[in-house]
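Next come the chains, spelled out residue by residue.
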Amino acid sequence: MKGAGGMMDDLLPAGDLHSMAGKPGGMDRASMNSGTNSGAVMPVAENSDEQLMRAFSRGSNDAFSALFVRYKQPLFGFFWRRVADRAQAEELTQEAFVAVIRAAPRYEQSARFRTYLYAIALKILRAHRRKAAFRATFLGSPTEQVEPAAESGVVTQLFMREAIRKLEVMDREILLLREFEQLSYGEIAELLNLPVNTVRSRLFRARTALRELLSENAPTNSREMSRPEEGI
Amino acid sequence: MNFVTTHPFAAEELMAFCDGELSAQDSQAVEIHLAGCRDCADKVRQFHETLAVAPRVECASGFKAYRRGR
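One line per chain: the protein sequences are A and B, in this order. Under our numbering, the letters of the first sequence match residues 1 to 232, in that order. Under our numbering, the letters of the second sequence match residues 233 to 302, in that order.
What the hints contain is simulated information worked out from the structure, not anything from laboratory work. Hints are supplied without guarantee of correctness; some may be wrong.
Across the chosen pairs, the derived CB separations fall in these ranges [to be verified]:
id	chain 1	residue 1	chain 2	residue 2	range
1	B	257	A	198	22 to 28 Å
2	A	87	B	258	42 to 48 Å
3	B	252	A	126	28 to 34 Å
Please read all numbers here as calculations on a predicted model, not as lab measurements. Where a beta carbon is used, it is the ideal one built from N, C-alpha and C, also for glycine.
Make a model of the complete structure from these sequences and hints.
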């Protein structure tokens, strides 16, 4: 099976960036940094996400490449934990980056880029689930599992997957955004359009429930819980 | 005699403390309280244990590079 890293390297290869972006490729790193007061040219890697996105919206493909490198695995992970299989996660990841490219000319910074990106990802995920539900209802295809995906059937990941699946939908989403995407309470609140206090109380509830579920179903062999090479 | 009958921090606040979501001032207040309250210290330890489970499991499935980069 192709590893996540190998797969993501195939996504949106650099040669396609210009054509997909539909932007002039003439902006160099100096012009990308023209918004800085110092006038010094910073390496792309040192720019903030927001600086990179602004630069991309002005036509810098280097900036998009840097954002892509930063977020390809986090975004793939975001989808992979929420859809049934890796191939779907790959498609959705690509779709999300295409959406970023298409929206770039209209980009206005109103939040952190990370929040902006995950908001796009959530929209794509919801659309994907609607389509899957439609297919299941009217075309009779199997309903997609929406719980975090598992790659193999080891005990630890099954316990974790089952425990997370049992959480209420919104609690589970908040838990995943916090534990895996590592968003702050404020970012989650913004993303899900909830008050910060609601995020905090739901996160508390989700973690408490998760802890209880895991303790109820903990493997008898404690070493099973700490296997280093097994994933959810 | 039980000297500590009330806890100034709700469990949710202790969780927010573990997540680094409290202000510096509030975090300091929690730390001072934890030094003298075994119940709350136990709660914090439990939170840390719960927080440690999910990332450890997830980390093993090919996202190590991602997490290292954060």
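Now the hints, each set against the structure:
| no. | hint | verdict |
| --- | --- | --- |
| 1 | B/257 / A/198: 22 to 28 Å | holds (24 Å) |
| 2 | A/87 / B/258: 42 to 48 Å | holds (45 Å) |
| 3 | B/252 / A/126: 28 to 34 Å | holds (29 Å) |
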